[in-house]
Amino acid sequence: MSAVENISFDHTELLRFITAGSVDDGKSTLIGRLLHDSKSIFEDQLSAITHTTRRRGMEGVDLSLLTDGLQAEREQGITIDVAYRYFATPKRKFIIADTPGHEQYTRNMVTGASTANLAIILIDARKGVLTQSRRHAYLASLVGIPHLVVAVNKMDLVDYSREVFERIREDFAAFAVGLKLNNIAYIPMSALNGDMVVERGDKLGWYEGTALMDLLEHVPIDHDINLEDFRFPVQLVCRPQTEELHDFRGYMGRIESGFIGVGDAVKVLPSGLTSRIKEIVTYDGAVDHAVAPQSITLTITDHLDISRGDMLVKTEGDIPQVTKEFEAMLCWLSEQSLDPRRKYLVKHTTRVVKALVTRIDYRVDINTLNHEAADTLKMNDIGRVALKMHQPLVCDQYQRNHATGSFIVIDEVNNNTVAAGMICPALN
Amino acid sequence: MSTLLNDVQEFITSNPSSVMKSEPIVPERRIARQLGHLDALESEAIHILREVAAECTNPALLFSGGKDSIVLLRLAEKAFRPGRFPFPLLHIDTGHNFPEVIEFRDRRAQQLGERLIVRSMEDSIRQGRVVLRSENQSRNAFQSVTLLDAIAEFRFDACIGGARRDEEKARAKERIFSFRDEFGQWDPKNQRPELWDIYNTRVHPGENIRVFPISNWTELDVWEYIAREELEVPHIYFAHTRDVIRRGTGLLPVSHLVQVQEGEQAENIMVRFRTVGDMSCTCPVESTAVSVGEIIAETAITRITERGATRMDDQTSDASMELRKKEGYF
Ligand SMILES: Nc1nc2c(ncn2[C@@H]2O[C@H](COP(=O)(O)OP(=O)(O)O)[C@@H](O)[C@H]2O)c(=O)[nH]1
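Line by line, the protein sequences are chains F and U.
Sequential numbering from 23 applies to the first sequence in the working numbering.
Sequential numbering from 339 applies to the second sequence in the working numbering.
No lab work stands behind these hints: they were computed from the structure.
Be a bit skeptical, because a hint or two may be false.
In silico BS3-like cross-links for lysine-lysine, where the CA-CA straight-line distance does not exceed 30 Å [as the list claims (entries may be wrong)]:
no., chain 1, residue 1, chain 2, residue 2
1, F, K300, U, K416
2, F, K400, F, K202
3, F, K400, F, K410
4, F, K365, F, K376
5, F, K202, F, K149
6, F, K289, U, K416
7, F, K225, F, K149
8, F, K365, F, K400
9, F, K113, U, K416
Derived Cβ-Cβ restraints for the label pairs, each shown as a range [to be verified]:
no., chain 1, residue 1, chain 2, residue 2, range
10, F, D269, U, P365, 25 to 33 Å
11, U, E568, F, P262, 20 to 28 Å
12, U, E491, F, N204, 54 to 62 Å
13, F, V284, U, S593, 51 to 59 Å
14, F, Q421, U, R371, 19 to 27 Å
Output of the computed footprint for chain U on chain F, the stretches with three or more beta carbons under 8 Å from beta carbons of chain U [claimed, not checked]:
no., region
15, 34 to 46
16, 428 to 439
Backbone N, C-alpha and C fix where the C-beta goes; we use that ideal spot for every residue, glycine too.
Model the full assembly from the supplied sequences, consistent with the hints where possible.
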């Protein structure tokens, strides 16, 4: 294959996905297979792992070694943190967040999922839908990953049986209905032998759907971005104060969602003052329109007091809430449990405010999805809480807008990121 | 039942070349569709740089004259013009740098009109802060001493660097905002979770963070961006004839630091460098690529990772990079 002529990278899209599975479901093998069969493994890596495989007294190449990360983990033989991998095909560029599926690592999956367009949930065909698979599906729905692939792996160990596959698919689908997950694709595969990963293989003739790589290359992702609600959190105010730019006052930031054009009426939140867009400035010159997720600089027609932490939105259409209180789903990430008596910092868009958890509504048992009463949240716990902020935030509910509905919680004393939050719809 | 799959199949069969024509297109969707992966990566990097500028008290951008930091400078221009950069450029000069690269570094900083601070390892050696076994020994591993001294001298609380996650295994888990303790050390077990694009930039006095805006770029992305932005890079990135010797699996450039030993023979062949670090251990690869386009073509089909090909000191052990990172190397 002559790679050069086939590769045109001009306008390839970027797809970010995560892989979730329990230990030994074949996650590392699958990633290794994707990289290997798409020819993204480099030769020195291949020779290094062939070497290591032999040193461990095994034959051939253990593809799972490709995704092993740090020394400590190699010693323990498990992956304990999110690792990122990159590969590209002529159609798309891919970023894999490789998240270990071990029991206590809810936080890793939530971390990896927060930026993903798509999740692959691995199921061992011999074991079927397990508690862990349900947990992964729940987390995918909580974080709102737009596309889900259920990879029924190790089909070679069940004689590539269609019945086994169909049963797993029905089990999973029944469960998924309750989670409001609907964009689900089911693919039978053998990561080990490569069937239905990149190549279709010749063992799964009864399966009419696409192979995994085909799906990754073609699943439409341009609708994953909210292009309706213009949200522009101001990161910086640019005032060069040079001679020729004496009066220049540019608001720098990234369009988190929606689009904007010169002349559009905008409102500044939380102040509520209004103005119009005068220019959209970029390093490459002024433009008439810009869309999410572009980073741009805006100037407006009026002299308003705007600073970092303010948000520009359009005067027409849906307006975010300006509020000091909301309810949110929290995923606790720290070994130090939530202490409701303590003040924390909340970083939301470009604002950092002091906050207090005023109530814990419940903790989710992510195995049964039952709600339990709780007076704290421990590492890997997910719960619904009420928060009260010292200053108002400009926010949307997470389900409508991930960028303006998400936040992190920071421990003021040691500066650690202790929780990830997703804002729930307002009750009234 | 599986709507995604149906979508995909429908899209492939009904419209093999594009899905765009099958639905009414609003202008914003059209603009959105013109954005490719480089635009996405660029916008992410600009966002990160602006977060550093807004939240860190005293950042610096590490500029070596290498291709990754050249890309960083363009991203900084995109992030902050028409204003000035809200940070100085900092170079840790090992004393083993290629002269072309140093010349380029100074010229580029001047073109930009931004402040360049150079701290050199020679000074650290003279002060006895760095003790080398021999003059010709690779200095990459000792850069951390000079870097940490510079951080202390200027009280930098954030250093922006051009490292990428695809370079090396130990970097695959690196955060974009990577926390370092008072000793400049990186603890892989004690990294802050990073969610969405909300970055925790908070540090106590004495601690600092390394920030990697192009974490998600690959070597190929970097070259494509250099092509798209028409960025100048030092000449040694392009194929040229040079005296080299074959040592181990790599080629080493002959210089005052690397001399021909017993049983070795210098060859004069066409090579280019894929990274431009310490002259004593930065290996060129055989190549005939004399333009960015040709480098992209070579990179797209290359079978050897960047560090594997070009850094002798990374090959020592599977974990050598990780060990150096723990000591404060960026
Ligand atoms: N028979 C068979 N074995 C597989 C398949 N995929 C993975 N395995 C094996 O299952 C074991 C666990 O795989 P690994 O990829 O390390 O799982 P992980 O813990 O999810 O990363 C290894 O011995 C693999 O060789 C498959 O499709 N068929």
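>> Just to be careful, I want the Cα atoms of K113/F and K416/U compared with a cutoff of 30 Å; is the pair within it?
In response: 27 Å, holds
> Straight-line Cα separation of K365/F and K400/F no greater than 30 Å?
Replying inline: Status holds; Cα separation ~17 Å.
>> With the threshold set at 30 Å, check whether the alpha-carbon distance from K202/F to K149/F stays at or below it.
In response: 24 Å, holds
> Using the C-beta atoms of D269/F and P365/U, is the stated range 25 to 33 Å upheld?
Replying inline: 30 Å, holds
> Is the straight-line distance between the alpha-carbon of K225/F and that of K149/F 30 Å or less?
Replying inline: 20 Å, holds
>> Hinted pair, alpha-carbon criterion (30 Å max): K300/F, K416/U. Please report holds or violated.
In response: 19 Å, holds
> Is the hinted pair K365/F and K376/F satisfied, with a Cα-Cα distance of at most 30 Å?
Replying inline: 7 Å, holds
>> Taking the Cβ atom of Q421/F and the Cβ atom of R371/U, is their distance within the range 19 to 27 Å?
In response: For R371/U against Q421/F, whose Cβ atoms are near 25 Å apart, the range 19 to 27 Å holds.
> Going straight from one Cα to the other, do K289/F and K416/U come out at no more than 30 Å?
Replying inline: Within the cut-off at roughly 26 Å; holds.
> Mind checking, does the region 428 to 439 of chain F have 3 or more residues with a CB under 8 Å from chain U?
Replying inline: holds (count 7)
>> Holds or violated: the 20 to 28 Å window for the beta-carbon distance between E568/U and P262/F?
In response: 25 Å, holds
> Would the pair K400/F and K202/F pass a check requiring their Cα atoms to be no farther apart than 30 Å?
Replying inline: 26 Å, holds
Going through the hint list in order, the structure satisfies each hint without exception.
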